[in-house]
Amino acid sequence: MWIYEKKLQYPVKIANPNPKLAGMIITALGGPDGELAAATRYLNQRYNMPDGRVVAVLTDVGSEELGHMEMVASIVYQLTRNLTPAEIKAGGFDKYYVDHGAGIYPASADGVPFNAMAIASKGDPLADIHEDLAAEQKARAMYDAILRLSDDPDVNDAIKFLRQREVVHFQRFGEAMRILMGD
Amino acid sequence: MNRDRRNNMPQNMQNPNEDYGENMHGAGNEYERAPSRIAAERYENMAAAALLEEIRALSFVKVELELFLDTHPNSQKALDYYQQTIDALDMLYEIYHEKYGPLVASGVTDPDKWTWVNTPWPWQVGNGAPEKGGRG
Numbered sequence: 001m002w003i004y005e006k007k008l009q010y011p012v013k014i015a016n017p018n019p020k021l022a023g024m025i026i027t028a029l030g031g032p033d034g035e036l037a038a039a040t041r042y043l044n045q046r047y048n049m050p051d052g053r054v055v056a057v058l059t060d061v062g063s064e065e066l067g068h069m070e071m072v073a074s075i076v077y078q079l080t081r082n083l084t085p086a087e088i089k090a091g092g093f094d095k096y097y098v099d100h101g102a103g104i105y106p107a108s109a110d111g112v113p114f115n116a117m118a119i120a121s122k123g124d125p126l127a128d129i130h131e132d133l134a135a136e137q138k139a140r141a142m143y144d145a146i147l148r149l150s151d152d153p154d155v156n157d158a159i160k161f162l163r164q165r166e167v168v169h170f171q172r173f174g175e176a177m178r179i180l181m182g183d
Numbered sequence: 001m002n003r004d005r006r007n008n009m010p011q012n013m014q015n016p017n018e019d020y021g022e023n024m025h026g027a028g029n030e031y032e033r034a035p036s037r038i039a040a041e042r043y044e045n046m047a048a049a050a051l052l053e054e055i056r057a058l059s060f061v062k063v064e065l066e067l068f069l070d071t072h073p074n075s076q077k078a079l080d081y082y083q084q085t086i087d088a089l090d091m092l093y094e095i096y097h098e099k100y101g102p103l104v105a106s107g108v109t110d111p112d113k114w115t116w117v118n119t120p121w122p123w124q125v126g127n128g129a130p131e132k133g134g135r136g
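Residue numbers (my numbering), protein chains in the order written: chain A, 1 to 183; chain B, 1 to 136.
Please note that the accuracy of each hint is not assured.
As the list claims (entries may be wrong) - Pairwise CB distance ranges, derived in the manner of DEER restraints: (1) Ser106/B / Gly92/A: 22 to 32 Å; (2) Ala105/B / Val167/A: 41 to 51 Å; (3) Met1/A / Asp112/B: 24 to 34 Å; (4) Asp90/B / Val112/A: 36 to 46 Å.
Calculated from the structure, these hints are not laboratory results. Don't be surprised by glycine CBs; every beta carbon is placed ideally from N, CA and C.
Please put together the full structure from these sequences, using the hints given.
Next up, the structure:
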């Protein structure tokens with residue numbers, strides 16, 4: 001069960017619309033290393049974990065990723081406010097717009113819809129926890145790439161928060177791995 | 001780290017990762033803002049945005065402590081922090097729900113009106129205040 005809270009985990013307040021940036025950041029929701037993949041991966045891997053501590057990490061990190069989906073969606077929503085057709089075309093947002101308008105649709109920056117092939121769930125605790133460690137690093141690298149390409153301080157503030165959470169989650173998954181190995 | 005000592009240190013000398021193993025990543029400084037030793041009246045006069053920011057900061061501490069406790073379930077220090085954090089959060093939620101409306105559906109306090117549907121949604125710019133004219 002989950003209970004919704006009417007607040008973001010970290011504030012998203014973006015002053016200037018920017019369709020080009022929105023078209024990149026959508027990958028943090030629906031791309032191969034995005035938050036939808038993260039939440040889906042962890043929450044579905046929980047069932048076969050043999051240790052309550054590891055189940056708890058997957059449950060609580062997976063739940064936090066649901067909140068990160070909401071943060072990324074909020075960034076894209078705010079970046080695509082009040083756009084004119086000329087701005088949509090100039091920002092390269094036309095292909096997204098023609099299929100989804102300014103709606104939030106989980107896809108990669110390249111326009112590939114979210115695909116569960118981006119995640120694994122092997123029913124094998126060690127295989128899954130290693131996948132999770134890699135996933136946090138891949139997500140961190142994705143956020144690093146966004147930070148290299150974005151010069152919007154409002155966007156970068158929220159992205160830096162999300163990037164830092166990947167580092168903390170990696171730490172907790174490392175501890176979960178050592179628990180599984182009997183340390 | 002001794003908390004009294006930390007309180008006397010300049011802000012830029014505090015390393016949240018110091019003494020890692022018993023301390024929580026980054027939670028220390030936020031935690032100092034928290035708990036019950038701060039009187040409720042300080043919060044009762046706060047504007048909605050400022051109070052929400054306090055709740056958000058403490059909720060972050062709560063999430064960090066939960067993750068830490070998942071892999072360190074016997075850390076008494078973390079358990080004590082957690083209890084104080086949720087006690088403080090309970091108080092802040094109660095004030096917010098009463099004055100500014102629900103942050104969770106069960107926080108609706110008006111017996112005659114389901115205010116869940118017309119208090120702001122969090123992705124709306126301005127910390128919840130609806131944008132003028134709505135979505136363009």
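Practice task
Go ahead and decide if the range 41 to 51 Å is satisfied by the Cβ distance of Ala105/B to Val167/A.
Solution key: violated, 33 Å
Problem - Range hint 36 to 46 Å (beta carbons of Asp90/B and Val112/A) holds or violated - result: Hint holds: Cβ distance 44 Å, inside 36 to 46 Å.
Practice task
Kindly confirm whether 22 to 32 Å is satisfied by the beta carbon distance between Ser106/B and Gly92/A.
Solution key: violated, 44 Å
Exercise for the section: Determine whether the Cβ-Cβ distance between Met1/A and Asp112/B falls within the hinted range of 24 to 34 Å. Expected result: holds, 28 Å
Comparing the model with each earlier hint shows violations of hints 1 and 2; every other hint is respected.
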